[in-house]
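Undergrad: Protein sequences appear in the order of chains A and B.
Just so we're aligned, residue 1 is where the first sequence starts under this note's numbering, counting upward by one.
Just so we're aligned, residue 1 is where the second sequence starts under this note's numbering, counting upward by one.
Calculated directly from the structure, the hints in this document are not laboratory data.
Quick caveat: nothing in here was measured; it's all calculated off a predicted structure.
A hint or two may mislead.
[What the hints assert, rightly or not] The calculated label-pair distances, taken between Cβ atoms and stated as ranges, are:
1. A:Ala377 to B:Pro145: 33 to 39 Å
2. A:Gly341 to B:Ala528: 51 to 57 Å
3. B:Pro235 to A:Ala172: 54 to 60 Å
4. B:Pro145 to A:Ala278: 35 to 41 Å
5. B:Asp502 to A:Pro81: 49 to 55 Å
6. A:Ala289 to B:Glu504: 46 to 52 Å
7. B:Ala191 to A:Arg173: 39 to 45 Å
[To be verified] One-sided and incomplete, this derived list gives chain B residues near chain A with beta-carbon spacing under 10 Å:
8. Ile256
9. Ser258
10. Gly262
11. Leu525
12. Asp526
13. Leu530
[What the hints assert, rightly or not] Among chain A residues calculated to face chain B with C-beta under 8 Å, some are:
14. Ala187
15. Gly188
16. Ala354
Every residue, glycine too, gets a C-beta built ideally from N, C-alpha and C.
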Amino acid sequence: MSGLLEADVLVAGGGMAGAIAALAARRAGRAVALVRRSPGATALSSGAVSVAPDLGALAGEPLASRRPPLEAAARLAAARPDHPYAVVGTARLGEALAFACEELAAALAPFDDRRRFLATLYGSAVGAGLCQRANVAGDLLSVRGLLAVAGFAGHAGFDARLVAGGLGRYVARGGPEPRAVEVALPAGLGALARPHELAGALDAPGAAEALGDALRAALPAGARAALLPPVLGLDPGARAVERVAARAGVPVAETLSDVPSVPGLRLWRALEARLAAAGVRVVQGELAAAPAPGEPVRAGDAMIQAPVWILATGRFVGGGIARRGVLAEPALRLAVQAAEGREAGVHLAVRPAASLTSRDRRRPQPLLSAGLRVDHALRPLDERGRPVHPGLHAAGAVLGGHEQATDGTGLGVAILTGYLAGLAAAEGR
Amino acid sequence: MADVYDVVVLGGGVNGTGVARDCALRGLRVLLLEKSDFGVGASGNSSGMIHGGIRYMLSDRKVTALACRDSGYIQRIAPHLLFRIPFLMPFASRREGATLRERAAWYATEVYVGTYDLYQPLKRGKPSTRLTAEELYAVEPGLRPGLAGAVTLDEWGIDAFRLCVLNALDAEAHGAEVRTWTEGRELLRGAGRVEGVRWRDVLTGEEGEARAPVVLNATGAWSPALARRNGARVPMRPGKGVHLTLDRRWSNYGVICSAVDGRQIFLMPHEAESIVGTTDDDFYGDPDDLEATSDEVEYLLEGAASLVPAVRSARVTRAWCGLRTTIFDYGPNEDALSREHQLLDGAAEGLAGLVSFVGGKLASYRAQAEEATDRIFALLGRPPVPCRTHELPLPGGDELPDPARLAAGGLVAAPVAARLAYRHGSRAREVLRLVEEDPRLGMVLCRDEGILAAEVVFCVRHEKVRRLQDLRRRCRVAVGACAGVDCARVAAQLAGRELGWDSERIRAELADLLDAGWRERRAILDGAQLAQEELLRGATGPLEVPW
Chain A
1 MSGLLEADVL VAGGGMAGAI AALAARRAGR AVALVRRSPG ATALSSGAVS VAPDLGALAG
61 EPLASRRPPL EAAARLAAAR PDHPYAVVGT ARLGEALAFA CEELAAALAP FDDRRRFLAT
121 LYGSAVGAGL CQRANVAGDL LSVRGLLAVA GFAGHAGFDA RLVAGGLGRY VARGGPEPRA
181 VEVALPAGLG ALARPHELAG ALDAPGAAEA LGDALRAALP AGARAALLPP VLGLDPGARA
241 VERVAARAGV PVAETLSDVP SVPGLRLWRA LEARLAAAGV RVVQGELAAA PAPGEPVRAG
301 DAMIQAPVWI LATGRFVGGG IARRGVLAEP ALRLAVQAAE GREAGVHLAV RPAASLTSRD
361 RRRPQPLLSA GLRVDHALRP LDERGRPVHP GLHAAGAVLG GHEQATDGTG LGVAILTGYL
421 AGLAAAEGR
Chain B
1 MADVYDVVVL GGGVNGTGVA RDCALRGLRV LLLEKSDFGV GASGNSSGMI HGGIRYMLSD
61 RKVTALACRD SGYIQRIAPH LLFRIPFLMP FASRREGATL RERAAWYATE VYVGTYDLYQ
121 PLKRGKPSTR LTAEELYAVE PGLRPGLAGA VTLDEWGIDA FRLCVLNALD AEAHGAEVRT
181 WTEGRELLRG AGRVEGVRWR DVLTGEEGEA RAPVVLNATG AWSPALARRN GARVPMRPGK
241 GVHLTLDRRW SNYGVICSAV DGRQIFLMPH EAESIVGTTD DDFYGDPDDL EATSDEVEYL
301 LEGAASLVPA VRSARVTRAW CGLRTTIFDY GPNEDALSRE HQLLDGAAEG LAGLVSFVGG
361 KLASYRAQAE EATDRIFALL GRPPVPCRTH ELPLPGGDEL PDPARLAAGG LVAAPVAARL
421 AYRHGSRARE VLRLVEEDPR LGMVLCRDEG ILAAEVVFCV RHEKVRRLQD LRRRCRVAVG
481 ACAGVDCARV AAQLAGRELG WDSERIRAEL ADLLDAGWRE RRAILDGAQL AQEELLRGAT
541 GPLEVPW
């Protein structure tokens, strides 16, 4: 182990919120150290970043919702005062999303404040404010005419007929006409290959091209685009989607993914590559029982000292919030006092699990949205509502009051709060 | 136009399916109606012990003898569905403060267990032994220190969900008509007697009438309400029993523990997991709306941790519950109620021909069904036909395949083959034949539970699956520690393909499957299981977003 690593900003957490915070502070010229344990929830991303739901849209009619993502986010903030969008405001959301797309251009498509409608593995459509490059050509309202939905012959993991059958109901709403086709599995892969194995194989030279050739042969006449399983390459630099499309002769896209997620791993790789290229010092480890910002803290094999800290440690999957009978924030022992639908307060953390959940699974679940309460500058608050420390910020899923996976914001909160926390940390130094 | 039967059986639990099988084997025309799926009530949510009811030896020696003998019969007709589970009943040392009274109690226990040994040969059980402290800690090192020894007790368990399914399938194979997700809504009455049932298919809305001179009400905890709706009474004391599933094997053997109130509970290894059970509390709520509560979870964990302290760090993956239908008795505590069974006759209430089943034990289901079938023959005025349910194997029970030989074909790994053999017996070969025909079905959907894609297809084709959630009970889809993250989508795809479901139906079925799991986890969300829940919601969230 080396000596003390000094930085202007210490970021804990290497998911979307932590990475965007680090990159924002870095762009402002600060020296940044980032401590991260594991890929976390960002690596489980479906490929889309929802940003904000259209609260006024008709249930079951996703294609009818046309409200631009930024406007939808502002409306969400107005309707939900405890949501992070409301706490920090959405005025700079467009700037934050554009920043993320620029920094992560290897994986993400540019942000243009337009809702895209992307197909899930179940043949339903989901509106997204932001998506990966691999999804763009699959925007259901951009394909006019025939959309080929291609599954791999001899593989049961992806059901092209199910996807095409589901998308069929959107034809009347302006969606393309879907048709299921089959292409051969990439060479060397059998019926039992897992998604990441398929994706890794397609990154290899020649493999994506071979798939493109096979797809071209299988395409029905007049196909305007092709939708494939979400396995088109793990390495964002390998550009498997573009290579398949070039040979197939039509634009190619993936459906969104479930878990385990190849698009999520691809996004995580893009984050890691960008952090390294931007000169962020990445340290493997986690902060445990850390003192306050300004003091040296152990993380993995390193001792790090920085006057400003950003906590972007995620929620339960990331480990930023944990529950062992009682809800707690393990790194700094901050109070967990925010949960959707529940008033802030210390008692929240000690309630039985069942009392923090609703019987209807599909309703917001306070327990699943528990986290830190912060002020408008993303400074965590103590039990009396005062900032814990002037040099401490928090971003992403460690913030309570929202459940990113089900409230229709996805990684939008991580990008906005990560960006703002990074800027605040850069100023606050 | 109504269909005509000799008997309509209401309820697809172990009693209902057991009676349907017996009646069908004896040549009666049978209709079985189950308003959801087989075993969803007390049967499938029991601990699955087909033990001899040692608890009842003093009060109900008949129950013990009947249960032991019938446990032996079940082992004969469904040898594949079984697991042997030796229990340890540890006792505290004198030094540690056991009172004279406690020591006397343990002496009595030994005598008691020794008496139980007389019944053990009936069910292929080994005689009890007494372990010294040294022997006890050698076999079960996770026990808390300071124990003086233990008495062992040999028992057997069974997959009770599949026991119900197999009884129903065999009934059908012998001519019975079996309908799941079909509710017997109303009894048809004639002059002073029942004449059949009006039913409704809850999935399709189809309605119909079934005429029969005898109706057997085996709807368990639902029978009082069913009776009330039809102007009759079925007195019972429904008791809620909660079990916890823990993420791994926290003991080598079953361990009998004493809960905070002195009642006996147990911790036992089961496949790759452990089960803690059982609570026993009066319950007069809606049987369709049953969930474990936080204090029931704590009661069980505290009791199990009193002897195996490491249980405190276990990840609880599910809390599941059912309602026992104990015979009504005013006065005794829940656990002191008799486990005898009764067949109540509706004649006194102007419903001659209606027989209601109350009480009983899983281990004695076959004998109970035999008695009920005898009664049905008497009511029909038919000459008796001998019962054969104790000698004819259930489907797959004719032979016990060797998992190593199943795996030797190279189609599946040995652990998956073992699960297939356990769940399907000789029919495991038919499952593997599907993989031979279509190698895609060799995909293992859940490495935890060893669920094979071909098994899902087999169950859908041959085991009366109508909803995705039925696969929870057929082959454990979405009941393992990951709660369906790995298996739910592909299982839904496979089932949907077999049953012709469109995309919307598949999503609705998935949502319903996830709802069932959520109800079992609400009270236990903690530690790693809470992270798992977040992961599951993230993975399935896009299913349900309305925008």
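Undergrad: Confirm or reject each hint.
TA: Status of each hint after checking the structure:
Distance hint check: the CB atoms of Ala377 of chain A and Pro145 of chain B are about 53 Å apart, inconsistent with the given range 33 to 39 Å. Restraint check, Gly341 of chain A to Ala528 of chain B: a C-beta distance of roughly 24 Å breaks the suggested window 51 to 57 Å. At about 57 Å, the CB distance of Pro235 of chain B to Ala172 of chain A agrees with the hint of 54 to 60 Å. Between Pro145 of chain B and Ala278 of chain A the C-beta distance comes to about 56 Å, which lies outside the given range of 35 to 41 Å.
With their beta carbons about 40 Å apart, Asp502 of chain B and Pro81 of chain A fall outside the hinted range of 49 to 55 Å. The supplied range of 46 to 52 Å is met by Ala289 of chain A and Glu504 of chain B, whose beta-carbon atoms lie about 50 Å from each other. As the Cβ distance of Ala191 of chain B to Arg173 of chain A is approximately 59 Å, the hint placing it in 39 to 45 Å is violated. The restraint placing Ile256 of chain B at the interface with chain A is violated, with a minimum CB-CB distance near 26 Å, outside the 10 Å limit.
At about 23 Å, the closest approach between the beta carbon of Ser258 of chain B and any beta carbon in chain A exceeds 10 Å, and the interface hint on this residue is violated. With 10 Å as the threshold, the beta carbon of Gly262 of chain B stays out of range of chain A, its nearest partner Cβ sitting at about 24 Å, so the hint is violated. The closest approach between the C-beta of Leu525 of chain B and any C-beta of chain A is roughly 4 Å, which is under the 10 Å cut-off, so the hint is satisfied. Annotation: Asp526 of chain B was flagged as interfacial toward chain A, and the flag holds, the nearest CB pair being 5 Å apart, inside 10 Å.
Checking Leu530 of chain B against chain A: minimum C-beta separation of about 5 Å stays under 10 Å; hint holds. Checking Ala187 of chain A against chain B by beta carbon gives a least distance of about 17 Å; that is not within 8 Å, so the hint is violated. Look at Gly188 of chain A: its Cβ only gets to about 15 Å from chain B, farther than 8 Å, so that hint breaks. For Ala354 of chain A, the interface hint holds, since its Cβ comes within 8 Å of a Cβ in chain B; the closest pair sits about 4 Å apart.
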